[in-house]
Amino acid sequence: MNTNEYIKSGILEDYVLGTASEQERKEVECMSKIYPEIKTELSALEQSIGQYISFYQKTPPAHLKEKIFAQMTFDETPAVETELPGVETEPEISTIKVVPMWSKLAIAASLLLAALSVSLYVSKNKVSEEMAAVKTELEGINAQKAQTDQLLALYGNSQNELVTLKGTEKSPESEVKVFWNKQNNEVALLVDKLPKTDAAHQYQLWTIVDGKPVDMGMIDADFDGKIHTMKTISGNVAAFAITLEKAGGSPSPTLEEMYVMAAV
Amino acid sequence: MITSKIKIPEEELVASLKRNERAAFDYLYDNYSAALYGLISKIIKVEEDAENVMQDSFIKIWRKIGDYDPSKGRLFTWMVNIARNTSIDLIRKNKNVYKEDIDTSITKVDGMMSFQPETSTIDLRDLMENLKPERRELLELVYLQGYTQEDAAEHLKIPLGTAKSRIRTALQDLKSYFAI
Numbered sequence: 001m002n003t004n005e006y007i008k009s010g011i012l013e014d015y016v017l018g019t020a021s022e023q024e025r026k027e028v029e030c031m032s033k034i035y036p037e038i039k040t041e042l043s044a045l046e047q048s049i050g051q052y053i054s055f056y057q058k059t060p061p062a063h064l065k066e067k068i069f070a071q072m073t074f075d076e077t078p079a080v081e082t083e084l085p086g087v088e089t090e091p092e093i094s095t096i097k098v099v100p101m102w103s104k105l106a107i108a109a110s111l112l113l114a115a116l117s118v119s120l121y122v123s124k125n126k127v128s129e130e131m132a133a134v135k136t137e138l139e140g141i142n143a144q145k146a147q148t149d150q151l152l153a154l155y156g157n158s159q160n161e162l163v164t165l166k167g168t169e170k171s172p173e174s175e176v177k178v179f180w181n182k183q184n185n186e187v188a189l190l191v192d193k194l195p196k197t198d199a200a201h202q203y204q205l206w207t208i209v210d211g212k213p214v215d216m217g218m219i220d221a222d223f224d225g226k227i228h229t230m231k232t233i234s235g236n237v238a239a240f241a242i243t244l245e246k247a248g249g250s251p252s253p254t255l256e257e258m259y260v261m262a263a264v
Numbered sequence: 001m002i003t004s005k006i007k008i009p010e011e012e013l014v015a016s017l018k019r020n021e022r023a024a025f026d027y028l029y030d031n032y033s034a035a036l037y038g039l040i041s042k043i044i045k046v047e048e049d050a051e052n053v054m055q056d057s058f059i060k061i062w063r064k065i066g067d068y069d070p071s072k073g074r075l076f077t078w079m080v081n082i083a084r085n086t087s088i089d090l091i092r093k094n095k096n097v098y099k100e101d102i103d104t105s106i107t108k109v110d111g112m113m114s115f116q117p118e119t120s121t122i123d124l125r126d127l128m129e130n131l132k133p134e135r136r137e138l139l140e141l142v143y144l145q146g147y148t149q150e151d152a153a154e155h156l157k158i159p160l161g162t163a164k165s166r167i168r169t170a171l172q173d174l175k176s177y178f179a180i
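Residue numbers (our numbering), protein chains in the order written: chain A, 1 to 264; chain B, 1 to 180.
Simulated from the structure, these hints should not be mistaken for laboratory data.
Because the structure is a prediction, the values reported are computed rather than measured.
Glycine is no exception: its CB is placed at the ideal position from the N, C-alpha and C atoms.
Wrong hints could be hidden among the right ones.
[Stated by the list, open to error] Partial list, derived from the structure: chain A residues whose beta carbon lies under 8 Å from chain B: (1) 33; (2) 34; (3) 36; (4) 49; (5) 53; (6) 58; (7) 70; (8) 71.
For reference, chain B alone in the conformation it holds in the complex (with noise of 0.2 Å):
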């Protein structure tokens, strides 16, 4: 899923990024940071406070890798909830600044998925647009505006039980994509 040339098994990362060492946290965000900077930048479209947050989530995995728990999770999705969080935090204390451009990013999904994909990710991008803009729509409210699924529901107007099992679609769709 990251491009990267040489890779570092996930276990000996933990341990020396744990250890608190340079050279870990050089590889991490070497092999992180667009990932998770792509992720800050689809919920916050400031550039100046995309790079707030980029910098804040970074200097906060820094400080927490100590409670990093492996056998709760994998360190990637650790670290994007990390980034979430700290994005979907400053967008809710802006919420009157950011309102308008969420309502509007909303209802231009299509819009939205101008992004440049690079190379290794053309594939991916057929499969996004494969997703049923329906299931699409409702994975950007939920999990890049955190909305909760009540509020994406009421936001869509359909009944809860459809967001779920749209959501729930839309991530089996992804899931048994890749498991080919």
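Bound-form chain A, shown alone (with noise of 0.2 Å):
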């Protein structure tokens, strides 16, 4: 897997920067997971950013201080003290001083048995419960892996041109990645963001071929962080433009509801 490509993207100086979308700021955590390179990258740059941040140093006025915190409330720090209560009940001992040592060491000793089950029992639920927790996620970083993986791919794999298409006025955050793979014209596309549709809606992928729209494909309802395939491109092609359609697709673009285009 060719990290580098990814690295070299840019894609972690906007994550430093702050300049990244929702959907690049999960990619980047996820990737960052999975590669150590990729995580010493992102780390490196959080320390630059860190040291340019230092250079402009200035101590806040003295009075700041006592104003922030006056508007904060502490939890007390668990003293020892705390649990001390439980001694308070030494005098009611004293009074049954004559109980024979053995009973009292019996009592103890079944006290102490009791404590430990409890504990043994309570620290066996914990451990199953933390076991299915790392089962789940890691269930969740395996289906997380899989996909980043994809992406890698999609990114190192030097036939492919990456186009961004551009939210238009209608929908300026918008952003949709498309892959081109210029070699077999496949094309994969990856949203990375879009309002979501409502169940009669689906959004649907054209490309300008000597000025005609073509279909390209529809993007499942559920399209946050999945990498779709879609139709492969023929002919020459002048842009890709996304549209909100009915669902299931239309035979030709409705233009007032194009939210993502550009130009090739």
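Join the two chains, each given in its own frame, into one complex according to the hints.
Laid out in structure tokens, this is it:
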């Protein structure tokens, strides 16, 4: 897997500068969990930003701290003293001093045993809970890894041209990435950001070939984080665009409902 | 990067912050407020506003510390993002009021470097001066003024690709400098 390409794509810089989209942020966090070299690069960049900021250090006015802390409430540190009330029962114990030593020891031993079993039981439960949590997390990570592997392959494939479809006036925040394999004209698509659709509508990808729109396939309703394989390109593509159509798609695009586009 | 007498390992600090212990927040404030306030003051030029943003940011840090996930990055970066976002939000809200300010500050990048650095940051100052002005300018626009890379490129009338690679090189310059 060529993580170098990914590092060079500039997405990590976007991430540390805070200019990455929500989708890109998730992607970077996921990638850095999986690939140590990405994590290392990210930490180094974070470090750079830290240095950059500390260059501008300026001590805030002295009165500010008090003003800020006056608005905060804190939890008391659980001090050792809080466990002491249990000891207060001591006077009662002194009244039953006649009880033979062995019985005290027996009681102490059984109490200890009871405490131990409770603690063992609790920790066993905790362990199985934790195991279950780890298992779900692992499944999640595996699923994410499969997806990021696929994404990395798209980034790493030198035959792929990355076309970023930018939001139109209708939806300036929107952004979609199209990976166009120039060799075999296959097209993959990843939604960075598009408004949610209702059940009656679906997004549809189009290419403009010789001035005419050509249907490139539908985008699933739960498009978040999904890599879509679209139809194969034929002809001379001048642009990509996505419109919102009725569920299942339309034979020709509704131009007023164009959300993102990019000229090629 | 932050000067302090006693260093608490970040892990311990985070644990104690998450337990909402006053001592931890004291430590946090004493050690990081200068960095945060410096950044805020760089973005917000009106002192009173900068103080308010500092206040809001620190309260946000306190409120949201439960959400901080160490596996996603360092505590400092997380706090810086809160301070930066709070500052940029204010700028955007007062866009018209500050617009002039932003524009003049961009043309006077060199003037901005006259911030009095503390002795420990003298070598850093050298570095900042060695950063090519066009790279520094972009970093300021994007990082301190909250421009998107697209907007910054447009503003400086350079292609987006050039802007991206300049930002990348600027960060790499800083990175390699500190890797020594």
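Discussion item. Quick check on the hint: residue 53(A) CB to chain B CB, less than 8 Å?
Written reply: 5 Å, holds
Fill in: Interface hint outcome for residue 33(A) [beta carbon to chain B under 8 Å]
7 Å, holds
Worksheet item: Would the hint on residue 36(A) stand, with a C-beta cut-off of 8 Å toward chain B?
Response: For residue 36(A), the interface hint is violated, since the closest Cβ of chain B sits about 13 Å away, which is over 8 Å.
Worksheet entry | Minimum beta-carbon distance criterion (8 Å), residue 58(A) to chain B | Since the shortest Cβ distance to chain B is 4 Å, the answer is holds.
Worksheet item: Under the criterion of a CB-CB separation shorter than 8 Å, is residue 34(A) in contact with chain B as hinted?
Response: Given a least distance of 12 Å, the restraint on residue 34(A) is violated.
Discussion item. Hint validation: residue 49(A) versus chain B, beta carbon distance must be below 8 Å. Holds or violated?
Written reply: Holds, because the Cβ-Cβ distance from residue 49(A) to chain B comes to roughly 7 Å (cut-off 8 Å).
Worksheet item: Is the shortest C-beta separation between residue 70(A) and chain B less than 8 Å?
Response: With Cβ-Cβ at 10 Å, over 8 Å, it is violated.
Worksheet item: Would the stated hint for residue 71(A) survive a check requiring a Cβ distance to chain B of less than 8 Å?
Response: 6 Å, holds
Of the numbered hints listed earlier, those contradicted by the structure are 2, 3 and 7.
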